[in-house]
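**Q** The listed protein sequences derive, respectively, from chains A and B.
One point on numbering: in the working numbering, the residue at position 119 of the first sequence is 119, and numbering is uninterrupted.
One point on numbering: in the working numbering, the residue at position 95 of the second sequence is 95, and numbering is uninterrupted.
These aren't lab readings, by the way, just hints derived from the structure by calculation.
Quick caveat: nothing in here was measured; it's all calculated off a predicted structure.
Ideal placement from N, C-alpha and C gives every residue a C-beta, glycine not left out.
Incorrect hints may appear among the rest.
Simulated restraints on C-beta separations [to be verified]:
| id | chain 1 | residue 1 | chain 2 | residue 2 | range |
| --- | --- | --- | --- | --- | --- |
| 1 | B | L236 | A | L50 | 37 to 43 Å |
| 2 | B | S180 | A | V136 | 21 to 27 Å |
| 3 | B | N327 | A | P140 | 20 to 26 Å |
| 4 | A | D97 | B | Q446 | 33 to 39 Å |
Coverage of chain A stretches by chain B, computed from C-beta distances (three or more under 8 Å per stretch; other residues unrestricted) [to be verified]:
| id | stretch |
| --- | --- |
| 5 | 50–57 |
| 6 | 103–109 |
A short, non-exhaustive set of chain A residues, derived as facing chain B with CB atoms under 7 Å [said to hold, decoys possible]:
| id | residue |
| --- | --- |
| 7 | G115 |
| 8 | P137 |
| 9 | L138 |
| 10 | F156 |
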Amino acid sequence: MSFPGRTGHRIRQRMQLLLVTLCLHAACAGVAAGGHEHASCAGSGHRLSLAAPTLEQPVEAASVAASEQAFVRVVVAGVVNPQRIPISFVVRFHARDGKAGYLGSFSLFPPDNPGTFIVATGGKLEAGGRVSITLVPLQPVPAMQVVSVCVGSVRFIR
Amino acid sequence: MNYLDQPSDMNRRVFVKGLGLVSLGLVTSAMFGGCEQLIKDIQNRPVRRYLRTGSPEVQHALDVYREAVIKMRALPDSDPRSWNAQAALHGTVSGGFNLCQHGTVHFFSWHRAYLLYFERICQQLTGEKSFGLPYWNWNRYPAMHPAFTAAGSALDHPRSNTTVGSNAAFNDPTMTTILSDANFITFSSQLEGTPHNTAHVIIGMDMGTGGSPQDPIFWAHHCMVDYCWAKWNIELHNDNPSDPTWINTTWNHFVDGNGNPVSISAGVTPLLPLLSYRYESSRVGDFATPLDMLRLSAQQAKLIEARIRKGAPVRFDIRRRVPIAANVTLRLDRPVSRQARLTTTDLAALLESDARRERVFLNVDYAQQPQANDFFVRVFINLPDANAQTPTSDIHYAGSYAFFGTQATSDDSGDHPSHHHKTDFIIDVTQTLKRLHRNGVVRTDQPLAVQIVAVPAEGKFRQPAMPLMLKNVGFLIAPVHVRASDG
Chain A
1 MSFPGRTGHR IRQRMQLLLV TLCLHAACAG VAAGGHEHAS CAGSGHRLSL AAPTLEQPVE
61 AASVAASEQA FVRVVVAGVV NPQRIPISFV VRFHARDGKA GYLGSFSLFP PDNPGTFIVA
121 TGGKLEAGGR VSITLVPLQP VPAMQVVSVC VGSVRFIR
Chain B
1 MNYLDQPSDM NRRVFVKGLG LVSLGLVTSA MFGGCEQLIK DIQNRPVRRY LRTGSPEVQH
61 ALDVYREAVI KMRALPDSDP RSWNAQAALH GTVSGGFNLC QHGTVHFFSW HRAYLLYFER
121 ICQQLTGEKS FGLPYWNWNR YPAMHPAFTA AGSALDHPRS NTTVGSNAAF NDPTMTTILS
181 DANFITFSSQ LEGTPHNTAH VIIGMDMGTG GSPQDPIFWA HHCMVDYCWA KWNIELHNDN
241 PSDPTWINTT WNHFVDGNGN PVSISAGVTP LLPLLSYRYE SSRVGDFATP LDMLRLSAQQ
301 AKLIEARIRK GAPVRFDIRR RVPIAANVTL RLDRPVSRQA RLTTTDLAAL LESDARRERV
361 FLNVDYAQQP QANDFFVRVF INLPDANAQT PTSDIHYAGS YAFFGTQATS DDSGDHPSHH
421 HKTDFIIDVT QTLKRLHRNG VVRTDQPLAV QIVAVPAEGK FRQPAMPLML KNVGFLIAPV
481 HVRASDG
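Given only the sequences and the hints, what does the whole structure look like? Please build it.
**A** What follows is the structure, encoded as C-alpha cells:
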C-alpha cells in the first residue's frame with residue numbers, strides 16, 4: 001500500500017507513530033507480565049505452571065513404613081495468578097509397576113492464596129513409588145494467562 | 001501421635017484466665033437444670049435443614065432467607081447487621097480476608113460463630129425466630145437449589161458455575177475419607193482445603209474472593225461445612241481440642257440480632273448445635289444418619305454434652321518469650337514499628353523444618369480498650385513502610401484483629417462475663433516468617449521487626465488522633481501438641 005505526495009507522507013508519519021506507540025505498549029506490557037510471570041521459588045521449591053503442571057516426589061524407604069504415612073502435606077509457598085483463575089491440585093500415587101491411583105485434591109481459596117494442605121493417603125503409599133501433584137485449572141484458561149505456583153515442599157506425614 | 005504443623009494465620013485472643021470454661025459451664029448448666037424458659041428455647045431451637053426441592057419446610061426457610069437478604073441489603077452500611085457489614089467481617093472482594101479464620105485451628109469455630117449471629121440477624125429482621133439457615137449438601141446435591149439461581153431473586157448472584165459438578169472433592173470416597181479422620185486438626189484441614197475451598201473457587205466470582213459472603217450461597221455452603229463438623233463431632237463421636245488456648249480464644253466482633261456487640265469463645269461453639277440450633281441430618285459420603293439430631297432424648301443429649309465438654313487432649317505450651325516493646329502510646333492513624341532482639345537465625349531450626357511443633361506467635365497486649373472501634377489492626381513483619389493501604393496479600397502480612405467493645409461498653413459492663421472485652425491478642429506469625437525466610441526476603445542477621453497498622457473499617461477513622469496504648473508486645477515461641485482422641 002502506498003500514498004502519494006504530502007498526504008501520503010503525513011499518513012506514513014502517523015502510521016509510524018502509531019506503530020511506535022503500539023510497540024512501546026507491547027514492550028511495557030511484556031515487562032509488566034515478565035515481572036509477575038513466575039511465583040518466586042527460592043531454595044528447594046518447585047515451580048508449577050500451566051505448561052509444566054506436575055511435580056513428582058519419590059516415596060523412599062524410610063524408618064517408618066510408607067503405608068503408615070497418613071497424609072501427603074503440600075506447602076504452596078507462592079502463587080502468581082493475576083486473573084485469579086480457579087485452580088486445584090490433584091494428588092496421585094504411582095506404584096513401581098506403573099499403576100496410578102487417585103489420592104485426593106485441594107484448591108486455593110482465593111485462587112492466589114498460598115497455604116499448607118493435606119491429602120489422606122489411605123495407606124496407599126509404597127516405597128519405591130512416586131507421588132505426583134498436578135496443577136489443574138477449574139475453568140478454561142484464556143491464552144496468555146499466567147498461572148505459576150511455587151510448591152515449597154511435599155512431605156509424607158503420619 | 002498425629003500432629004499437623006499446619007500453617008496458621010491464626011488470630012488468637014487471650015481470654016481472661018478461666019473465663020472460657022466459666023461461660024461454657026453457664027451455658028451447659030442452663031441446658032440441664034436452669035431456667036425453664038431456657039430449656040424450652042433449647043428444645044425448640046431452630047432447625048437447619050438440607051436444601052432440596054419438594055419440602056415445604058425447606059421452601060419456607062428459603063422464603064425467610066430471601067426476605068432477610070433483602071432487609072439486610074436495605075440497611076445502611078453503618079449498621080453492623082447490614083449485608084455489606086456482615087460480609088466485611090469476613091473480607092472484601094478486592095481486599096481479601098479481614099477477620100475470618102482460614103488455614104487455622106479456628107476455621108470451624110470462627111465460621112460457626114459467624115453463621116450463628118448471621119442467623120440471629122435474619123431471625124430478628126424477619127420476625128421468624130424459628131428460622132434456621134438451610135445447608136447445601138453438595139455431596140448429595142451437586143447443583144445449587146433452584147432458589148439460588150432464579151432470575152431476579154435476591155438469592156441469585158453473578159457466578160461462574162451453579163454446580164460443583166462431578167469434581168472429586170465432593171464425592172463419596174473423598175467425603176468418607178475426610179469424615180473418617182478422628183484428629184480434629186487434620187479433619188479440619190482436609191475439609192477446608194478440599195470441598196470447602198474447591199466449592200468457593202468453582203462457583204467463582206465473588207465466592208472466589210474474601211468477599212464471598214456477598215453471595216447468598218456462601219451461607220448455605222458454610223452451613224454445610226458446619227454440618228460436617230457437627231456430624232463428625234456429634235453423630236460420629238469424634239472429639240474437639242480440649243486445649244485451654246483453643247477453648248478460650250474469644251471473638252468480640254460479632255453482633256446479635258439487634259446489632260449489639262457480643263462475645264463468644266471457641267469453647268462454646270461445639271455446644272451450639274445442641275443449644276442454639278439443630279441440624280436435620282443428611283447423608284455425607286458413606287455416613288448415613290446414625291443419630292437423628294432432631295429427636296435426641298435428654299439422656300442422649302446429656303451424654304453428648306459431657307463428651308463434647310471433655311474434648312480431646314491438646315496442649316499449648318509457651319516455652320520462650322521475646323519482649324519487643326512495653327508501654328508505647330501510638331496514634332490510630334500512624335502505624336508503629338518496633339524491632340525485636342531476634343533474627344531468623346535464632347529461629348532457623350523452626351523455620352526450616354515442616355516437622356517442628358513450635359510456632360511463633362506475636363502477642364499484643366493493650367493497656368485498655370480504645371475509645372472507638374471503627375478499625376481493624378493488621379500486623380506485618382519487617383515491612384517498615386506498612387500502612388493502611390498495604391494489602392493483606394503482601395508477603396509480610398501476618399494477621400489481623402479487631403476490637404469490638406470500647407472503653408464505654410467495658411466500663412458499663414459490671415462483672416458480667418459476656419461483657420468483658422479483652423485487650424490481649426495473639427497472632428500466629430510462623431507461616432509469615434517461613435515465607436519471608438524461604439524467599440530470602442529477610443536477611444538471616446536482620447532483626448525481626450513488627451509493624452502494627454490500624455485500618456479504618458469504613459474508609460476513614462472517626463478519631464484519627466485517638467491514642468492506642470500498648471502495654472506489651474512480644475514474640476511467644478510455643479509448641480502445640482495434638483493427640484487423637486483417646487476415647
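**Q** Taking the hints in turn, state whether each one holds.
**A** Do the hints match the structure? See the list:
no.: 1; hint: B:L236 to A:L50: 37 to 43 Å; result: holds (39 Å)
no.: 2; hint: B:S180 to A:V136: 21 to 27 Å; result: holds (25 Å)
no.: 3; hint: B:N327 to A:P140: 20 to 26 Å; result: violated (57 Å)
no.: 4; hint: A:D97 to B:Q446: 33 to 39 Å; result: violated (50 Å)
no.: 5; hint: 50–57; result: violated (count 0)
no.: 6; hint: 103–109; result: holds (count 6)
no.: 7; hint: G115; result: holds (5 Å)
no.: 8; hint: P137; result: violated (10 Å)
no.: 9; hint: L138; result: holds (6 Å)
no.: 10; hint: F156; result: violated (11 Å)
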